[in-house]
Amino acid sequence: MTDTLAAPTANTGGARFVGQRVQRREDLRLVTGHGRYTDDVVVPGMLHAAFLRSDIARGVINSIDVSAARQLDGVVAVFTGADFNAEIREHWVDFEGPGGDASPFRVLADTDVRFAGDPIAVVIATSRYIAEDACELIEVDIEPSTPVIGADAALAADAPVVHAGRADNIAGAIPAAADPVLDEIFANAAHVITETIDQNRYLCVPMETRGIVSQWDPFNQELTVHISTQGPHGVRAYIGRALGIPENRIRVIMKDVGGGFGQKMFMIPDEVAVVLAGKRLGRPVKWIEDRRENLMSGLHARDDRMTVSFAVDDTFHILGVKCDLIEDVGSFNAAGSSSIGFVGLLFPGPYKIPRVGFSAKAVFTNTCGRCSYRGPWMMETAAREQMMDIAARRLGIDPLEFRRINVITSAELPYTTAAGLVYDAVSIDGSLEQAVSMVGYEAFRAEQAAARAQGRFIGLGLGLYVEPSGIAMGNMSSEAAIVSISVNGDVTAVMSSGSHGQSLETTVAQVVADRLGVDFERVTVVQGDTAATPFGPGTGGSRSAVILNGAASQASGDVRTKMLEIAAHVLEAATDDLELEAGNISVRGTPSKGISVTEVARIAYLRPQELPPGMSLGLESHARYTPNAPFTFSNSCHACVVEVDAVTGGVKVLRFIVSEDCGVMINPDVVEGQIAGGVVQGIGGVLYEEMAYDMSGNPMNTTFVDYLLPTATEVPIIEYGHIETRSSTNPGGFKGMGEGGAIGSPPAVINAVADASPTSSTGRSSSRCRRRTSAPPSTLLADPAE
Amino acid sequence: MKPAPFQYHAANSAADAAQLLGDLGDDAKLISGGQSLAPMLAMRLVRFDHLVDISRVADLRGIDRNNGTLIVQAATPDVLVERSDVVVASVPLLTKVTPLIGHFQIRNRGTIGGSIAHADPAAEYPAVAVALGAQMECLSVRGTRMIDAADYFVGIWSTSMESDELLKAIHFPVWSGRVGFGVAEFARRHGDFAIAGAVAAVELDSGNVISRCSIAMFGVSGQPERALSAESHLLGSSVGEISPEEVGRLAIADVESPSDDANMPATYRMSVAASTVATAWTNALTEAHHG
Ligand SMILES: Cc1cc2nc3c(=O)[nH]c(=O)nc-3n(C[C@H](O)[C@H](O)[C@H](O)COP(=O)(O)OP(=O)(O)OC[C@H]3O[C@@H](n4cnc5c(N)ncnc54)[C@H](O)[C@@H]3O)c2cc1C
Numbered sequence: 000m001t002d003t004l005a006a007p008t009a010n011t012g013g014a015r016f017v018g019q020r021v022q023r024r025e026d027l028r029l030v031t032g033h034g035r036y037t038d039d040v041v042v043p044g045m046l047h048a049a050f051l052r053s054d055i056a057r058g059v060i061n062s063i064d065v066s067a068a069r070q071l072d073g074v075v076a077v078f079t080g081a082d083f084n085a086e087i088r089e090h091w092v093d094f095e096g097p098g099g100d101a102s103p104f105r106v107l108a109d110t111d112v113r114f115a116g117d118p119i120a121v122v123i124a125t126s127r128y129i130a131e132d133a134c135e136l137i138e139v140d141i142e143p144s145t146p147v148i149g150a151d152a153a154l155a156a157d158a159p160v161v162h163a164g165r166a167d168n169i170a171g172a173i174p175a176a177a178d179p180v181l182d183e184i185f186a187n188a189a190h191v192i193t194e195t196i197d198q199n200r201y202l203c204v205p206m207e208t209r210g211i212v213s214q215w216d217p218f219n220q221e222l223t224v225h226i227s228t229q230g231p232h233g234v235r236a237y238i239g240r241a242l243g244i245p246e247n248r249i250r251v252i253m254k255d256v257g258g259g260f261g262q263k264m265f266m267i268p269d270e271v272a273v274v275l276a277g278k279r280l281g282r283p284v285k286w287i288e289d290r291r292e293n294l295m296s297g298l299h300a301r302d303d304r305m306t307v308s309f310a311v312d313d314t315f316h317i318l319g320v321k322c323d324l325i326e327d328v329g330s331f332n333a334a335g336s337s338s339i340g341f342v343g344l345l346f347p348g349p350y351k352i353p354r355v356g357f358s359a360k361a362v363f364t365n366t367c368g369r370c371s372y373r374g375p376w377m378m379e380t381a382a383r384e385q386m387m388d389i390a391a392r393r394l395g396i397d398p399l400e401f402r403r404i405n406v407i408t409s410a411e412l413p414y415t416t417a418a419g420l421v422y423d424a425v426s427i428d429g430s431l432e433q434a435v436s437m438v439g440y441e442a443f444r445a446e447q448a449a450a451r452a453q454g455r456f457i458g459l460g461l462g463l464y465v466e467p468s469g470i471a472m473g474n475m476s477s478e479a480a481i482v483s484i485s486v487n488g489d490v491t492a493v494m495s496s497g498s499h500g501q502s503l504e505t506t507v508a509q510v511v512a513d514r515l516g517v518d519f520e521r522v523t524v525v526q527g528d529t530a531a532t533p534f535g536p537g538t539g540g541s542r543s544a545v546i547l548n549g550a551a552s553q554a555s556g557d558v559r560t561k562m563l564e565i566a567a568h569v570l571e572a573a574t575d576d577l578e579l580e581a582g583n584i585s586v587r588g589t590p591s592k593g594i595s596v597t598e599v600a601r602i603a604y605l606r607p608q609e610l611p612p613g614m615s616l617g618l619e620s621h622a623r624y625t626p627n628a629p630f631t632f633s634n635s636c637h638a639c640v641v642e643v644d645a646v647t648g649g650v651k652v653l654r655f656i657v658s659e660d661c662g663v664m665i666n667p668d669v670v671e672g673q674i675a676g677g678v679v680q681g682i683g684g685v686l687y688e689e690m691a692y693d694m695s696g697n698p699m700n701t702t703f704v705d706y707l708l709p710t711a712t713e714v715p716i717i718e719y720g721h722i723e724t725r726s727s728t729n730p731g732g733f734k735g736m737g738e739g740g741a742i743g744s745p746p747a748v749i750n751a752v753a754d755a756s757p758t759s760s761t762g763r764s765s766s767r768c769r770r771r772t773s774a775p776p777s778t779l780l781a782d783p784a785e
Numbered sequence: 000m001k002p003a004p005f006q007y008h009a010a011n012s013a014a015d016a017a018q019l020l021g022d023l024g025d026d027a028k029l030i031s032g033g034q035s036l037a038p039m040l041a042m043r044l045v046r047f048d049h050l051v052d053i054s055r056v057a058d059l060r061g062i063d064r065n066n067g068t069l070i071v072q073a074a075t076p077d078v079l080v081e082r083s084d085v086v087v088a089s090v091p092l093l094t095k096v097t098p099l100i101g102h103f104q105i106r107n108r109g110t111i112g113g114s115i116a117h118a119d120p121a122a123e124y125p126a127v128a129v130a131l132g133a134q135m136e137c138l139s140v141r142g143t144r145m146i147d148a149a150d151y152f153v154g155i156w157s158t159s160m161e162s163d164e165l166l167k168a169i170h171f172p173v174w175s176g177r178v179g180f181g182v183a184e185f186a187r188r189h190g191d192f193a194i195a196g197a198v199a200a201v202e203l204d205s206g207n208v209i210s211r212c213s214i215a216m217f218g219v220s221g222q223p224e225r226a227l228s229a230e231s232h233l234l235g236s237s238v239g240e241i242s243p244e245e246v247g248r249l250a251i252a253d254v255e256s257p258s259d260d261a262n263m264p265a266t267y268r269m270s271v272a273a274s275t276v277a278t279a280w281t282n283a284l285t286e287a288h289h290g
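Residue numbers (numbering that gives the first Met the number 0), protein chains in the order written: chain A, 0 to 785; chain B, 0 to 290.
Be a bit skeptical, because a hint or two may be false.
[Unchecked claim] For the chain A half of the interface with chain B, some residues (derived, Cβ under 8 angstroms), not all of them:
id: 1; residue: GLU131
id: 2; residue: ARG291
id: 3; residue: GLY649
Derived from the structure by calculation, the hints contain no laboratory data.
Model, not experiment: these values are computed from the prediction.
Where a beta carbon is used, it is the ideal one built from N, C-alpha and C, also for glycine.
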């Protein structure tokens with residue numbers, strides 16, 4: 000379903016490929032099992048690493064004895080924190096910059112352990128089997144102490160500190176600001192509704208775990224690193240600073256990456272240990288994180304609790320909100336992983352909320368650190384959208400009605416939120432109405448009543464949000480592209496950031512092909528190798544559609560201009576009279592008078608005498624692009640229909656609908672693929688996935704027997720609706736939407752489960768939303784525990 | 000997740016496997032489909048110096064009907080049980096439960112004997128064996144003995160076999176006449192071990208009186224649970240005299256120590272079990288009527 004179609008504009012070239020469901024280039028190799036991932040990299044003489052990890056959450060290390068491990072046949076070396084920790088010169092990533100409030104860091108645990116999974120030693124051996132055998136021979140004596148588990152424990156008055164030397168467990172805070180105006184609003188409001196919403200910890204779970212092959216060449220003094228990452232340039236710059244190696248002696252290569260979702264934005268200490276070990280030994284070393292490591296220590300996400308109060312008037316308009324967020328960032332959280340700032344900034348989202356009071360704390364605990372999982376700030380939507388349902392029920396109106404009353408309509412644009420963000424090209428009410436019409440809201444309510452009469456419980460939940468895509472701040476402000484047409488007329492686009500599953504090899508080629516007026520097949524995209532590509536921050540913040548394609552578009556535009564100038568000279572015509580289409584440049588109205596792109600390329604490189612006087616040779620451009628706003632807002636509405644089994648509490652997702660406005664769609668298949676992936680992660684996070692710790696700090700879900708992912712049989716066919724409102728931040732009119740699927744879906748599912756409950760009309764079921772996961776038996780309608 | 004070192008032995012025959020177990024003692028373990036054992040080895044939850052592979056032993060694979068008995072050799076992969084014409088004609092309950100075991104990739108490798116010897120309390124095959132009163136043919140260097148299913152499963156992952164015994168074959172009695180079978184279970188996801196489940200078998204006489212019946216639950220405690228008092232209420236009653244819900248209630252009343260943990264309290268698990276019993280029983284009755 001598509002509402003509005005974008006008109007192609009003159010400055011983007013023709014739209015032959017943009018907007019089409021072009022078959023993904025990556026599919027041939029990826030779906031036939033011929034992708035090349037880090038574990039496929041095999042280097043002669045390669046050694047293998049395995050880590051000994053703490054099985055104690057908190058404790059002092061009295062001693063580490065590696066002598067027996069060193070003696071095992073096939074073991075080349077065993078390293079501990081004493082060997083490595085002093086070698087790190089500077090520890091900061093581009094994202095934070097020097098002197099940022101970086102989290103504590105060490106390569107390997109030395110004085111103490113701070114979470115179950117904390118790496119203590121790394122064994123380097125001729126095989127991974129032997130390396131694991133040797134890990135068992137290391138004797139570590141740890142004096143355990145009571146760990147800090149959960150935010151309450153972290154904030155307790157007598158709480159021990161997770162990181163020695165810190166005054167408390169506060170990783171970051173936004174204090175509540177005095178706001179008499181807001182207090183006044185609450186004092187006089189007809190209704191005040193307050194609820195606390197818990198968000199369970201769940202994880203990125205990429206299909207490919209982390210992996211690294213590090214090769215130090217002592218003779219050339221060069222380091223080559225193959226790594227499963229979201230940003231090879233960030234890895235290169237970080238290693239350069241940390242180990243004191245000039246950047247231009249480091250080559251970082253990222254081949255196919257089986258998903259990152261934020262987990263692979265930055266290096267973790269384990270990877271740094273592998274680089275150090277390889278450098279010490281002068282031999283290549285491989286480490287492939289296994290699934291248990293990925294679940295236990297590969298970085299976690301989403302462990303939040305937020306108390307929200309709504310002040311509402313007697314016509315159901317929201318007058319103001321107060322929010323207090325507590326975020327559990329674990330022990331060694333990744334740079335930028337605390338989202339407290341973004342949650343406060345984005346909380347009003349799609350609604351007219353005139354005044355917002357926000358306070359937050361991020362706290363350290365003795366658990367695995369947090370990373371920036373797809374939509375790291377999703378608590379703003381997860382909590383707000385649950386609150387919309389809870390408040391509507393308490394007010395005695397339908398949750399859709401409550402949203403309609405408060406939604407920002409297209410007629411009100413541009414709209415400035417309470418936090419000062421400006422929405423200009425969004426269609427928030429449009430996506431709400433599109434989703435509602437696709438799901439058949441009114442008919443559903445009738446069906447629901449009929450089902451209840453037969454003892455069946457079905458429910459519908461909505462999740463409405465505005466996504467801050469194309470985030471362009473700090474090191475994320477730009478992307479670059481080098482676009483060239485070679486002597487035979489073939490096009491290469493060398494891109495600063497690469498794909499870890501987002502189909503950029505296809506979508507960038509679509510944009511470039513249109514801009515240059517050549518066939519899609521003639522464009523090849525190069526990515527993921529610091530030896531070939533210009534600096535880029537890597538993927539994150541739903542940036543590629545906007546910023547990477549902005550760069551591709553700009554560089555292609557330069558090449559296009561030059562081609563037209565050469566052609567104009569050869570054809571003795573004005574550039575304005577020329578048409579560039581299907582690999583040919585011709586004079587408008589006189590198709591017989593033309594020249595092929597290949598011919599122009601040959602002139603550009605081989606026959607300088609035919610060029611316009613004074614023109615430089617070649618057909619290539621290197622452009623660096625920055626969008627004209629720090630955010631490019633897209634918007635979306637999710638609608639989920641579930642059935643809850645009255646006896647088992649089993650939840651079946653019957654329908655899932657997403658109405659999305661990501662501006663001009665480059666490739667609807669890719670857009671829908673991104674939505675689907677995110678939605679499945681959201682369904683999983685609500686109904687199946689949970690990383691829990693017991694009070695001793697043991698992670699309870701470190702295999703796929705305990706950490707349940709939704710599979711194809713648990714997920715319905717997702718239905719998509721599209722609205723295309725051109726963005727104003729970039730020439731293509733594109734908007735990002737890479738994270739939204741994972742942001743809008745959790746509250747839609749939770750709201751649907753709550754809506755299925757027969758008590759929902761009284762508002763009683765709202766307490767259900769405070770449960771950590773909506774897994775049976777907590778989804779039971781008549782829960783004896785309540 | 001790489002196993003500790005072990006020595007691999009490919010057995011040539013059932014007797015050879017028994018001999019190896021006898022010779023190698025407690026340091027040896029059989030590996031059949033490897034679907035339960037291999038992950039435990041990889042995570043180093045268990046370790047054995049010797050693994051005796053029976054997955055390619057000809058006389059441990061195969062399905063035969065011998066008058067009133069269906070004999071399934073222990074290392075027969077689940078998929079062959081699932082697709083066998085002899086099985087569906089003789090013990091259709093096996094055909095019905097097999098698709099509920101894991102995913103097809105697991106059933107291609109996993110074996111019926113591996114499942115029964117592994118004795119997971121939530122596994123389907125052990126419940127079928129208990130419900131139908133199967134006989135386990137066990138082999139060791141000391142010879143062959145038969146163990147009744149009722150005496151075979153003694154707790155979570157434990158059986159009454161000795162450590163040097165191997166399960167050679169399972170002998171299932173064939174029920175004939177106006178019979179029907181049913182299975183029902185509830186699992187978090189398709190292919191997961193069930194939170195609770197039940198199998199039921201019934202035989203009706205010409206007057207629709209229940210002349211024979213059996214019900215067993217799985218996932219509810221440390222081993223498959225036969226619902227003996229429910230069965231004795233049903234025996235001799237007419238179809239419909241006792242409601243399926245009542246059958247469910249009677250069945251769970253027989254479970255002495257239901258599994259109970261913080262995530263899955265016993266009351267919840269038992270109410271799920273009762274509803275699966277009701278469904279399995281209803282399905283069995285329907286089949287006996289129309290079959
Ligand atoms: C993802 C997943 C889902 C699953 N879901 C289910 C499910 O829903 N229901 C279910 O029932 N099972 C399920 N299983 C388990 C599966 O059925 C196992 O394969 C089965 O329990 C063991 O069979 P196997 O042949 O693989 O045995 P193995 O793994 O080879 O061996 C298991 C144990 O039995 C012993 N053993 C094997 N054969 C013999 C023998 N002949 N005599 C004596 N001892 C022997 C071994 O020594 C070992 O201790 C699942 C497994 C997986 C991986």
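(message) Flag every earlier hint the structure violates by its number, smallest first.
(response) When the structure is compared with the hints, none of them turns out to be violated.
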